[in-house]
Amino acid sequence: MIEQVLLFTLVASFLIAVLSSPFFIPFLRRLKFGQSIRDEGPKSHQKKQGTPTMGGIVIVLALVIATYAMTAKFFAVTAETHLLILVTLGYGLIGFLDDFIKVVKKRNLGLTSKQKLVGQLIIAALFFLGLRAIDFSTEISVPGTDFSFDLGWFYPVLVVFMLIGASNAVNLTDGLDGLLAGTAAIAFGAFAVLSSTILQFEAAIFCVAVVGAVLGFLVFNAHPAKVFMGDTGSLALGGAISAVAILTKLEILLVIIGGVFVIETLSVMIQVASFKLTRKRVFKMSPLHHHYELSGWSEWRIVVTFWLVGLVFAALGIYLEVWV
133 MIEQVLLFTL VASFLIAVLS SPFFIPFLRR LKFGQSIRDE GPKSHQKKQG TPTMGGIVIV
193 LALVIATYAM TAKFFAVTAE THLLILVTLG YGLIGFLDDF IKVVKKRNLG LTSKQKLVGQ
253 LIIAALFFLG LRAIDFSTEI SVPGTDFSFD LGWFYPVLVV FMLIGASNAV NLTDGLDGLL
313 AGTAAIAFGA FAVLSSTILQ FEAAIFCVAV VGAVLGFLVF NAHPAKVFMG DTGSLALGGA
373 ISAVAILTKL EILLVIIGGV FVIETLSVMI QVASFKLTRK RVFKMSPLHH HYELSGWSEW
433 RIVVTFWLVG LVFAALGIYL EVWV
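All residue numbers for the sequence shown refer to our numbering, where the first residue is 133 and numbers rise by one.
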């Protein structure tokens with residue numbers, strides 16, 4: 133039965149996204165909600181100036197509707213489901229405010245970093261309070277082993293670090309047409325498999341709803357993109373995937389399954405540290421996908437390569453949890 137439920141959820145979420153986008157994209161154009169492109173970015177990106185952004189609204193709406201509809205129909209809507217939606221909507225709202233300020237003021241800077249951080253901390257705190265209300269375990273397990281340990285009072289610190297870190301890492305990956313939509317579909321697909329394996333069906337339904345939503349969005353976001361998800365989508369997806377990892381007790385696996393996001397973030401950290409210490413840059417531009425872009429790779433080649441790398445990480449994560 134669960135396989136059918138997951139299939140129905142995937143199809144429903146996909147159809148909501150793919151059928152609503154042709155109406156939503158012209159609406160964004162009429163409002164002149166176009167993307168502002170950084171002057172210091174790759175010159176090839178200047179032609180993307182004005183492409184509608186904030187398409188993440190479609191992703192969030194599709195996954196929320198599909199999650200609640202399918203969970204309510206086939207199971208009972210639990211506190212875990214509400215927590216997943218809380219994080220998704222909360223981080224999506226932060227991204228929406230950031231995008232809105234950008235398009236209204238016609239600049240590439242929205243919320244300040246401090247404003248974003250405060251918003252992220254508030255949502256993370258609410259999420260942790262929700263975990264306490266359901267008497268959530270503070271123990272974590274090491275993938276591929278029988279070893280586990282209790283973090284105790286340090287667990288809320290881990291929760292905050294994961295939510296903020298993942299949302300920002302996923303946000304950094306959203307730099308090329310279809311790059312984040314594809315890698316997110318792969319990562320959430322892996323968590324859907326693992327959630328089903330450990331009988332966390334509410335999380336599995338949520339993950340499959342995300343996969344359907346981003347694939348429906350990808351129809352219009354693939355190169356050349358007709359719409360961008362903006363921070364509305366990227367922050368929501370980043371918060372959502374970390375919330376899934378926490379609720380399924382697969383915290384450490386997030387680093388593996390989300391390997392592409394980790395690599396993108398590390399490339400930025402290495403670039404900044406190198407320039408501050410030596411005044412030299414390791415990469416032509418960070419995040420890493422821009423390095424390959426400036427090295428002469430086509431946008432489509434970079435995206436497909438990153439998708440394949442994401443598949444390898446996802447397969448490794450599933451292997452460590454299921455077969456080792």
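Derived from the structure by calculation, the hints contain no laboratory data. All C-beta atoms, glycine included, are put in the ideal place defined by N, C-alpha and C. Among the hints, a few may not be true.
What the hints assert, rightly or not - Below 30 Å or equal to it, Euclidean Cα-Cα: the simulated DSBU-like pairs (lysine-lysine) are:
hint, residue 1, residue 2
1, K381, K237
2, K205, K358
3, K358, K412
4, K358, K164
5, K416, K246
6, K358, K416
7, K205, K416
What the hints assert, rightly or not - Label-pair distances were calculated between CB atoms; the ranges are:
hint, residue 1, residue 2, range
8, K408, D278, 38 to 44 Å
9, L283, L151, 42 to 48 Å
10, E135, A265, 47 to 53 Å
11, K205, K381, 22 to 28 Å
12, Q181, I266, 33 to 39 Å
(message) Need the status of pair K205, K358: alpha-carbon distance at most 30 Å?
(response) violated, 34 Å
(message) Hinted pair, alpha-carbon criterion (30 Å max): K358, K416. Please report holds or violated.
(response) Status holds; Cα separation ~27 Å.
(message) Looking only at beta-carbon atoms, does the pair K205, K381 fall within the given range of 22 to 28 Å?
(response) holds, 26 Å
(message) Holds or violated: the 33 to 39 Å window for the beta-carbon distance between Q181 and I266?
(response) For Q181 and I266 the Cβ distance comes to about 46 Å; the hint is violated.
(request) Below or equal to 30 Å on CA atoms is what counts here, so check K358 against K164. (result) Given that 30 Å is the threshold and the Cα spacing comes to 14 Å, the pair holds.
(request) With a cut-off of 30 Å on the C-alpha distance, tell me whether K381 and K237 pass. (result) Answer violated: K381 to K237 is near 42 Å, above 30 Å.
(message) 42 to 48 Å was suggested as the range; check whether the CB atoms of L283 and L151 agree with it.
(response) holds, 44 Å
(request) Verify the proposed pairing of K416 with K246, using a straight-line Cα cut of 30 Å. (result) Given pair K416, K246 holds - Cα atoms ~28 Å apart, limit 30 Å.
(message) So if I understand the rule, the pair passes when the alpha-carbon distance is 30 Å or less; does K205 with K416 pass?
(response) violated, 51 Å
(message) For K358 and K412, compute the direct alpha-carbon distance and say whether it is at most 30 Å.
(response) violated, 36 Å
(request) Can you let me know if the beta-carbon spacing of E135 and A265 is within 47 to 53 Å? (result) Given about 31 Å between the Cβ atoms, the range is violated.
(message) Just to be sure I understand the hint, the distance between the Cβ atoms of K408 and D278 should be within 38 to 44 Å; is that true here?
(response) holds, 42 Å
Checked against the numbered hints above, the structure violates hints 1, 2, 3, 7, 10 and 12; every other hint is satisfied.
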